[in-house]
Every structure is written in C-alpha cells, then in structure tokens.
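A.B. asks: Sequence:
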Amino acid sequence: MAEPDDVMPEMLVEAHREPFDHRDGLGVDFEPYPQFESETETAEWWRAWTGNPAVDGAEFRVFGQDGAGGLAAFWLVRRGRPVVRQPVVFLGSEGETGVVAGDVDGYLWLLAGGFGPYEAMLYPHHEHEPRVDPRLTQIAERWAPSGKQATSEVITSAREEFPNFGEIVRSQCR
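Residue numbers (the working numbering): 1345 to 1518.
Because the hints were derived from the structure by calculation, they are not lab data. Quantities reported herein were computed from a predicted structural model and do not represent experimental measurements. Even glycine gets a Cβ: it sits at the ideal position worked out from N, Cα and C. A hint or two may mislead.
As the list claims (entries may be wrong) - Listed next, with one range per pair, are the computed distances between beta-carbon atoms:
| # | residue 1 | residue 2 | range |
| --- | --- | --- | --- |
| 1 | Ser-1490 | Gly-1395 | 22 to 32 Å |
| 2 | Arg-1422 | Val-1399 | 11 to 21 Å |
| 3 | Arg-1475 | Glu-1497 | 32 to 42 Å |
| 4 | Ser-1382 | Thr-1441 | 21 to 31 Å |
| 5 | Tyr-1377 | Glu-1504 | 22 to 32 Å |
| 6 | Gln-1516 | Lys-1492 | 17 to 27 Å |
| 7 | Gln-1516 | Gly-1413 | 34 to 44 Å |
| 8 | Val-1399 | Pro-1426 | 20 to 30 Å |
| 9 | Pro-1489 | Arg-1518 | 26 to 36 Å |
| 10 | Pro-1468 | Glu-1505 | 36 to 46 Å |
| 11 | Ala-1494 | Ala-1392 | 33 to 43 Å |
| 12 | Pro-1468 | Glu-1388 | 11 to 21 Å |
Whenever a hint applies, use it, and build me the whole structure from the sequences.
C.D. replies: Below, the structure is given as structure tokens:
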C-alpha cells in the first residue's frame, strides 16, 4: 500500500535514524526531520525564500535542512506519481538550487555514497570527502536494489532530467 504524500516514507525514516557525520565540514551537513514540514511552515518558508507572498510552496515536501538553513525536499513535479518517485532538490539559504536525485532510490544511493543533499547540490565544486556508509549502503540495497548507482551518476542523471529547475524556482521569486 502506497503512503500518502504527507507521510514520511519508511525508507527515509530508516535512513535518517542515525545522525550524519559532519566531520568538521568535510562530511555530510544534513539534519533530517522526523516528519515532513507542515504546509503552513512550507508556505511561510517559501514566501520568505522567494520574497513572493503569492506562492505557497505546495510543490515541495520538505524533509530536512543543512546547518545554514538550506532545505532538502521532494519536488512534486511528476503528476500522479507518489512522493518517493519525485525528484529530491536542495534550496540553499543563500539562494542556491539544485536537483540532487531523481527519486528516493537515487537519494538512498547518494546517502550511501557519503553525500547529503547540500554536498550533492554543490558537486563537484565542494571540498567534500565522501565516505561510503555501510549502514546506509545496506538500507539502499534493501529499499532500492535495482536503482544502484554511483553518486556521480545519481547527481548527473537528476540534473540532466531537470536542467531548468533553477529557472523554474527563480520564476517564482520577486
């Protein structure tokens, strides 16, 4: 049975259970939420982020943040598809944007490869020392065995599928 789009998917609950190793800025800078941010919180954030009071961010299911306040979310762009089949995006506190995985399968393999949403958004121009995480690799193997990809493939294929994400986001800004 599919989970509703407002319930945190079980595989994310499991993958996010343990804290990420920040390693003084060389690891993963990510603080997952135990549940999706509420519609009200998302609307307030999106209006502040875009400077546009007419938008509500309903196309996002926010599930975590980096230490500076940038947010990771599912972008509900594939009509009729469940949240786990939507792309994962990162919207930085300084206006950075990026599609980091094509869906939850790619996201799990990204985590297994030692990348969080922030690091994936900045890839390859970020001083990041990824470390494969055996626990997250086991989770990715269990939940997404057919979606196994190297982190560079996850990031590249997501960017190729959604090359205009930044433009779409900027079109909502004032």
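A.B. asks: With reference to the structure, classify each hint as holding or not holding.
C.D. replies: Now the hints, each set against the structure:
Taking the beta carbon of each, Ser-1490 and Gly-1395 are about 41 Å apart, not inside 22 to 32 Å as hinted. With their beta carbons about 20 Å apart, Arg-1422 and Val-1399 fall inside the hinted range of 11 to 21 Å. Range check, Arg-1475 to Glu-1497: about 18 Å between beta-carbon atoms, so the 32 to 42 Å window is missed. A hinted range of 21 to 31 Å for the beta carbons of Ser-1382 and Thr-1441 is consistent with their spacing of about 22 Å.
Between Tyr-1377 and Glu-1504 the CB atoms are about 28 Å apart, so this pair conforms to the stated range of 22 to 32 Å. At roughly 34 Å, the beta-carbon separation of Gln-1516 and Lys-1492 lies outside the given 17 to 27 Å, and the hint is violated. Here the CB-CB span from Gln-1516 to Gly-1413 is close to 19 Å, at odds with the stated 34 to 44 Å. Separation of Val-1399 from Pro-1426 is about 24 Å and conforms to the stated range, judged on CB atoms against 20 to 30 Å.
In this structure the hint that Pro-1489 and Arg-1518 lie 26 to 36 Å apart at CB is violated, the actual value being about 44 Å. Distance hint for Pro-1468 and Glu-1505: a CB-CB separation of about 18 Å, inconsistent with the stated range 36 to 46 Å. Separated by about 36 Å at the C-beta atoms, Ala-1494 and Ala-1392 satisfy the suggested range of 33 to 43 Å. About 33 Å separates the C-beta atoms of Pro-1468 and Glu-1388, a value inconsistent with the hinted range of 11 to 21 Å.
Checked against the numbered hints above, the structure violates hints 1, 3, 6, 7, 9, 10, 12; every other hint is satisfied.
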